Each structure stands twice: as C-alpha cells, then as structure tokens.
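Novice: Protein chains in written order, with the working numbering: chain Z, 1 to 337; chain E, 1 to 580; chain Y, 1 to 306.
By construction, these hints were calculated from the structure, which means they are not laboratory data. Only a predicted model underlies this, so the values are computations on that prediction, with no experimental measurement involved. Heads up, some of the hints might be wrong.
As the list claims (entries may be wrong) - Below, a sample of chain Z positions facing chain E; criterion: calculated Cβ distance under 8 Å: (1) L40; (2) V49; (3) Q94; (4) L96; (5) R284.
Even glycine gets a Cβ: it sits at the ideal position worked out from N, Cα and C.
Take a look at the letters that make up each chain.
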Amino acid sequence: MQIRDYVLRRLIILPILIVGTSIVVFALSRVGGSPIGIYLSHEMTQEEVAQLEERFHLNEPLPVQYVYWAAGVLRGDLGWSGVAAAPVTQVFPQKLAATLELAIAAGLVAVALGIMLGTYGGARRDRLADHLVRVFSISGAAMPIFWLGILLLIVFWVNLGWAPIGRSDAALYRRIAHPTNLYTVDALMAGDLRAFFDALRHLALPAVTLGYGTTAIITRMMRSSLVEELNEDYVDAARAKGLPERIVLRRHARRNALIPTVTVIGLSFGFLLQGTIVVEIIFRWPGLGRWMADAVLRGDQATIMAYVLFTSVLFLVVNLIVDVMYAYLDRRVVLGT
Amino acid sequence: MASGHQDLPASPRRRRSPSRGRSVLAVSVALVLTLVSCTTDGDDDEDGQPTETGADAVQVSNPDEFVHAADDEPLSLDPAQVEAGEGGETVILQTNDRLVEFAPEGPELDPSLSTEVPTGDNGLISADGLTYTFPIREDVTFHDGSPLTADDVKFSWDRVLEMDLPESNASLLADTVDETRVVDEFTFEVTLQQPNAAFLNSVVTQAVASIVASETVEANGGVTPGEPNEFMATNPVGTGPYSFVAWNRGENMLFEAYEDYWGEPAALDLRMEIVPDPDVRVLGLRAGDYDSIETDPSFVGDVEGGEGIEVFAGEFLLEPIHIGLNLNIPEGALPPEDTIPTDFFWDPRVRQAFNYAFDYQGFVDGALGGFGATVPHYFPQGVLGYDENMPVYEQDLARAEELFREAGWWDEGFTISVITEEANLFEVAALVLKDSLEGLNPNFSVRVLALAEARFDEFHATEPLPFAMWVKNADPFADPHAFMREYIHPDGSWGQVHGFANGYEDPEQIASLIDQAAVSTDTDERVQIYGQLADLLFEDPMWILAGNEVALNAHRDWVQNFVMNPLWPRPSLKFALFDK
Amino acid sequence: MLDAARPRVGGHRVRAAAVRLRRFASVGGEVLRNPTTLAGVTIIVAMVGMALLAPVLTEPNVPDPYQMPRDWGALNEPPGTPDHLLGTTQHGGDVLYGIIWGSRTSLRLSLIVVSVTVAIGVIVGSLAGFLGGRVDEVLMRIVDVFLSIPELIFALAIAAVLGPSFGNIILALAAVFWVKYARIIRGQVIHVKQNDYVDAARVIGDSRLNIFVKDVLPNSITPVAVQATLDMGNVVLIGAALSFIGLAEAGLAEWGVLVSQGQAGISAGRWWASTFPGLMVFLWALAFNLVGDGLRDVLDPRTERR
C-alpha cells in the first residue's frame, strides 16, 4: 500500500472513530441516570427539579438529548460545568493551558532523558550501567504516579521547602499579564525572570513525576531497538571500515533505533494525558485533570463528557500523526491496520 | 528553610551546563537545585517578600488589601439565585446590605438600610403582627452611583419573587410575604401572610433579601420569570462596604473598599482567593500570603500554635451534622442487601437505640478534633431557645442493647445502608455509625454508600427517598422555628419526605406546639414551648444528631478587630470590619 | 487425539506440541535463572502468601474483614506505636492491617479482572479473526474506539458513572482491559489461518472449533500469558489510581484508598499513612512487570536474548 493511500484511509476512519467515541461518551454519561444531579441542591422539590430539567433539555428522549449535545459540541457549547460553576468552554482554555504546560514539560523531560538513558544502556549491554537502566525503566512501568508524587512532595516540599505546590506564587502571578496562560511563556514574554523561575520551580516536581513513566517507556524502547540495530550487519561493516565506535553509534545505530522509538512516544502520549489527572491532584495543579477528578467525585457529567471527548480526540489525532511519521521514516514498515 | 540558600551555587548561568551527555541524572538534579536557588535568591531583592516559606515572614504582607482564602467557587452572586449555605452568600454579605443585620457579636439585630429595627414597641410592627414598616436610610448610593430609595427595596424583593429560581432561596420570601408597598420615597412596608416571629431573623437578614440597584438590573437584562440573570450572577451591585471589581474563575475575586459607603468604610481592599485544597490554604497562611483561611476541624490541629497564626474558636455553627431516619420507605425500594422492613424506624425504640449506640465522643473528638459538641433535638447551640439543660443523647451501649432486644432486633440482626456524600465529615459520621453498631452486635451490618455529590442530591430530589438513612448537615437558620419547620414538623419538608407522621407518638401535639411557637410574639413563651418540644423529641427522635461544629477561623495575628458571627453565612466574617 | 487419516497434519501437531512442551519445561528453569525475574517471583510469592495468610497475620475486622478497623481514640499515631507497628490513619485505622488485607483486595481485583478480560478478549478476538469480513471490521472499529480513550481516563469515566464501590472498579477495569487480548487473539487467528497446516486441516475437514482449540489457542498462549502477567500488575496499579482519586467505597482496606487518605496529613509531617501502602502498590506492579518481562524474554523468540 502506498503511504498516501494509508494516510487517506486513516483520515477517513478518523471521523468515524470520533463519532463512535462521542457515542460511547454520551452513552456512558447516561448509564448512571440523568446528569441533573449536579444542578440540584438537596432540598429541592419535584417541581423545581422539573423546571431545571426543562432548562437543560433533560426531559427529552435520549437520542434527542444526544443530538442537542452533539450539536452543542459542534457549536462550541459543551454545557454548564457544575464544578467550575461556569460554562465548560469558558473554563476550558485556561485549564487546558495549565495541563499543556505540564504535559509538554514532562514530555520534553521524558524524550530527552529516555533517549539518552536508552542509548547509554543499549550501548553498554549487560554491563552494570545497562542493568541500572533496565531497573530504572521497569520501575517506571510499575511506579504508581500518586506514590512517586507524594514521596517527592514529602522530601522537596515538606522537608526541604524547595518546591512549592500550585502553579505560581500569587503575588508573582498578578505581576505579569497572562496572554497564553502558559506561565513560563508568559513570564518570558513579560521579560520577568523572577516570575519565570518561579513558574519553573512550580513546574519541576510535577513534570518529573509525570514524566517518569514516559521516560521509562522511551528508555526501554530506545535500549532494545539500539541493541537490535547494533547487531545488524551494517554496523559490523561500519566497524570494519574502521569508523570509531562513537561515530557508529551516533551516526548509524542511534539514528535507526530512533525510528521505532517514535511510535512509543506517540503511545506514551496517552500515558502522559492520563497521568495528569493524578499528578494535578497531588501538586494542586489547576488543569484539566484535576478538574476531571473533581467532576468525577461530584458527578458533573458535562465536564466529564467534555474532558473524555477532548482527550480521546487529541489522542486519536496524535496517534495518527505519529503513525504517519513512522510510515514516512521507515518505508520497510508493512502498512496495514 | 529560605536561609539555607546561601550554600547553594546560585547563578542562572549555571543552567547552561556543558556536560550534557555525561550523567543525565546529575544534570537534572543540578538543574532543579539551580532553579531553586535562583528563585529563593530572587526573594531577597525586589520587594523582599519571602513568599513560600513563612517562618521568617514577620512584616505584614499585602498591607493594602485583606486576603481571605475561601474553599469553594461561588455559583452565583445574585441574591435572587444564590443557594442557602453556598459561596455566593459570602460575597453578597460584603457587597450588598439588607434592611437589618445581625450585630457583630450575638444574635441582636442592628439597623442597616432600615434606620430602625421594627419592633412592637416602636410601632413599626403592627399590633396583629402582620405589617412591618422600614424607614429607609437617606443619602445612600449604590456602587453604580444611583441613590437608594424605597423603590429599590421593593424592586429587590419583588424581583426575587418574580424570578422564583428553583436553585434560589426565593421560597423564604414567597412563603412569608403577602404584599410589598412603597409608602413614600423612604418608607417601605411589607405585609405577611401570617404572623411570623422569625421574619426579621430568618428572612430579612438573609442573602435573598439583599437590596440591589434597580437601575443596573434594568439596564442589564431586567427581570424574566424563571430565568437567571447572567449579568447579576457575576456582577453584584449593592450598597455594601465593598464594590465588586473582578472574578477570575478558579483563581480569585477582587473587591474595592467603597468610598461612599454610608457607614464606616472598609480600611482595606479585599481579595478572596479560591483555594479548595486545605493543605494549600494552610501553607499560604503560614507563609503570610493569606490573612485568613476557611478553616475546618479536620486540619485546625495542624495550624494551631503556628508562628504568627491565631486560631479563633467561636460560637457553634448553626448546621449540625445529622443522620436522617426514613419512615416513608416505598415497598421494594431499598437496596437488595438491606434486610430491614420498610417500617423499621416507625418503632421509637429503634430510633432511640440508634441514638444511644452512636459514638458521639469518637465523632466530636476524632472527626471534629474536639471542636464540637452534641446537640439536643433539634436546637443547635446559639439559636433562640437553646438551653444547656435540654436532654442530649450520649452513647449508652447497655441501653441501646436493651432497646434493640425489646424491639426484637438483637438476635435477628439487620443490614442497613446509609448514603452520604463522598470524602468529607459526613462520610466520617457514617463510618462512626457503622463502627458503633457493628461493634455493638456482630449481627448488625451497616453499609456506607459514599456517593458523588450530584448523585446524592439527585436521590434527595426523588420522593420518597429510596434509602433508609442518609448523612448531611442542616441548612443554617437563624431562628429555631426554621429548624422546627424544616426538620421536626410532621408537615415540614423533611417531615413529609420522611413520613414523620408515621413515627411520632402524637404528631398533632408536635405540630401544634411548633405552630404555636411560630406565631407567638412573646419570646419567653416561645422559649418555654421549645423547651417542652426538646423533651418530647428526646423521647421520640427523628434524627441522630452526630454533633455540631464550632465556628473556626485561622488567621494571621496581624489581623485587627477580628470578629466572627455564625449567624452570618460561612465563613461568618464581614471583612470590612478588619484592619491589619 | 491422533488420527491415522491425517498423518501430515497430526505429525506437525505432535512435533509442535513436543517443542512447546520442551520449551515450557525449560521456561521455569530459564525464567528463574534471570536474577530480576527471580526477584519478581519472590515478591509475588511473598505478596500472595500475605494475602492468603491475612486472617492468621492479623485478627480480621468484624463483620467485614475488608473494611479497615477504626479506632476513633487513636488517630494519626506514628509508626512504632504498640499495636500499630506502621502507625494509624486520620480515622484511626491501622496501616499494617490495611497493607495486609489490601494485598487480598489486590489479589482479588487482579485475578477477577484478568480472567474476565482474557475470556472476553478470546471470544471477541476469535470471532473477528475467524468470521472476518464485516464482522471483523465492525468489531475492530469498536476495539479502535475503546483504544482511543486512554485506559485510566476511560476506567475513571465508567467508574464515575457507576458510583464509588469496589465492584464498580472491577467492572470499569474489565471494560477497559479486554481490548488488548482481543487484538492479540485476532492477530494470532489470522496468522494461523494463513499457515499451510491450517489450510491442510481445513481441506481435511477439521472444524473451526478444532482449529481454534488445537492451533490458535496454543499459539496464542505465549503472548496472552505475557500480557496477562503484566496486567496482573497494571490492574492493581490503575485500580489503586482509581481509589486514590476517590472511587473506592468508604473505609475499604485498599492500598490506593490509604494513600489517598494519608495524603491529607503530609503537610503536617504525617508521612506514614501514605508511603507504606504506596510502596506496596509499587512492589506489586514491579514484581509482575519483572516476571512478565522475563517471560517475554524466554517465550517470545523475537526478543530472545542474543
């Protein structure tokens, strides 16, 4: 199959998957009954409840409600978030920025560290360094993020007082404008170094906590594909030509080993996304994940639906991009579903 | 903590370390350290405020504004929409005035926008107790610049009645007020449907009866029945000591001291930070970022004795934590695990046995950290008529066993489910109940179903309630009649839902006593009737009153003129009274 | 089992079976020769032993041993307190009790979820693989939709709808975890279908069920076994995350619940109530990851050690 056909096929399937996901999301929200609860206080009368149901179209049959909801989503109306006490769309951009800043920082840490550690271990196979790298990466897959976060908090926040929780210091927050709501970027744009370092200091622990699992995944993939590449004939040939080991590793083996690693980076994006929920709870990071957790605990269906739909569409798109990139990078890959 | 930073390599240049490839871990650790030292370093220059580490914060931070950390985002700032006990009430207390107010200390009423508190003696309450006259203060302006007249007062009350939003407290007005009248530019009169001794205390002082600027409302959407006013929900305009500036959702709300306030203007501006997490509030208080924080018993022990921190334990809150007993269970509606019959609680011995079994001490000392007390049925401390000699349940396992035996449940045992909201004091109360009963007799089993708030509220909106027991706190009321009507009267809202008529030995007597006290204008007579009710209800309880919290507030010791009144909505503070 | 009428196919099966048998026999030894795998096995044995011996190690709480015993007079006791070796929680629950009975909770959770999801995965995957065509297309799109929502987020959304209880966590995890098995099995079915010997079997008139039982299943066991081992750890990891977020029932003796509860006290220096139970989740997941990894190294010829 040609790459173009492959991309086309994936692009055609994408909207089907998105609609499928939206149905799953909607169905889920109604399995447990009406989402009216979040709009009620515990001493309302039947008539008052009926009034509210009418206001939110919850007295209509389910398929009609789905159409109302889906049409709203297309118009950019995701309903009223009981948790945020505001329309979902009004709160979403700010929370998204918070989560993006965290996820991007964690992703950068993970990709950089993962590739370095993987290369380091793979090039020193079965030596002590390699074993340490393996332990590190297997621990990453088994690490409960909430526990790691709490350990780091106990050490760096409670005992050492180095790393604060939250996103920024309140006074510094008010000192600068926030056009992007990515606090590090905002601080740089304002040319305020102190605010920048404050934002970084707040970002460091949650990003490391969130990034650990992903670092482990990337390390593991990088290590094993490097080991594989180093066994290939072309590596022996290069060595036979007298190229220094360093060059062989950097120019040839590592470059090729990066190709399969790219797919894992895509997969681990989902890992990052779901990790933000727990990390944001622990570090009081005011992003989407924490919002989702609050919504879950209080039964705020509009927020849950918006969040799940958004993350899964994002996940689908990212996976598509990664798969296409992978296909371009490695023509040897058998294209198929 | 901050003083340790001199030892660390402290320069932003350090971040560009050339040794990237060598030891990744070492680099990243160094990076974190450098970042830390940079910022702590930064603390010493510029405005010199140590921000995260409070141990050495001696000087007053934010000298021009008062910073309070609230625990929840308000839903609406419109008196016509705000729910009882919800965050919006706190804001409305600061931005809007009412005709009369609770005095800072105690339950007495002070004049406010009405220059006198109506009484029978000053002739402002008619002899039949039906008509109240309010002389309106002159030379008062709203934050929008318009002058206050009796028309605004009438407009504000009528507006609530006309909008009649289901989520709001409109029923307070709707159930009492018959007619509102403007007598002249500065005289407002109201006629009640029937005499009501609690009218001033439990209606006029409440957020729903706040006075809003009619000009602003008319210019921004006017009044539509059944529809919230989006503008008013986010822009309170009143005559209060604080004018509203901005609401940054999820972050904070800003207010300015209103210079033209008719009373003593506030000394400081006000910022209310929205901080749901208790840990963050505690940390901010320790650091001096916050002047006061929303405080509850579960963590007050962690801040008590902190440097520069004062904990104020005041009167009791007027919202006892209670466990409801359902006497109106539909056949077949209970969860399948439950083995009790639907008329389980019709037997007063069973209700008494539950009351004797509950571990009050464990709840008050454990969950409430000692900042609480048990409550008589159903008279929270601080409300008119409360008397410390009223009978109160204490744990008496022998008596509980005896009663369970008499009622025939001891040998057979039972399984019962109790619903509660998740992860808060209510859940703890349910767990204490579980431990109390299961510890008493292994044949008893209590299932605690901790539900999401929305599910809990949804179940409560279904009548009849398909569970035998539930935990929550009472809505705060300023007058005993409101508690009686809501939680005791067989025809009151809970009385109907829970079928109290099925359980009271003499429902007629209870009802007539409550009605009698409600219309009496003689305080002594009311107190006497409430005493009689408390004795009757001890023998015939409809609730388990787990305990009542003390109103707590932790604040910096630089806060001056601190005063707290639980009759004001949570956190029971009027910030305009403070200075620092 | 052998049928004289089809010696070629049967002969192949005998050889394959013999090879498999030898491999399996050597797997045990080989797995245990790897020190990290051995460490994993040791931890698992210890954990499962603790779960089985829970009633012996601590006195079960009456009437429900899976509930934390609470002592409202002994809140927040530090570790080393007599009767409370690892301290108590903010509700006066004994942390050690929670750890011991939490291992039972985890064992229950992972065994139920993994066995249920393997069963669902096998059914869906083989239906898709054998029937092919439209059925395959529809089933696989459903699988794709399920895969398009990250595991924890999906499980969280399901558990949120169902309400907080341990049973609902099991349901939510089962709804999420079957997908991988369906993919593995379908892949194997299609792979096996393409092999000559199955064609041969079909020519001879072997029924689909027979092909499934004799060829597909044995070939799928390896990847399924590896995935199931890893999932024994992952299920507990994600289940604990769900309870950490607040979806377990009140007062349950479960590790994630304990970490979540203990979190509230750490700013006041009460580190024990969250760190010990969290360590257990880590060790549990680590052990199954180590063993799963070791199994894959030994069983899967593609990544066999070179």
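Novice: Flag every earlier hint the structure violates by its number, smallest first.
Specialist: 4
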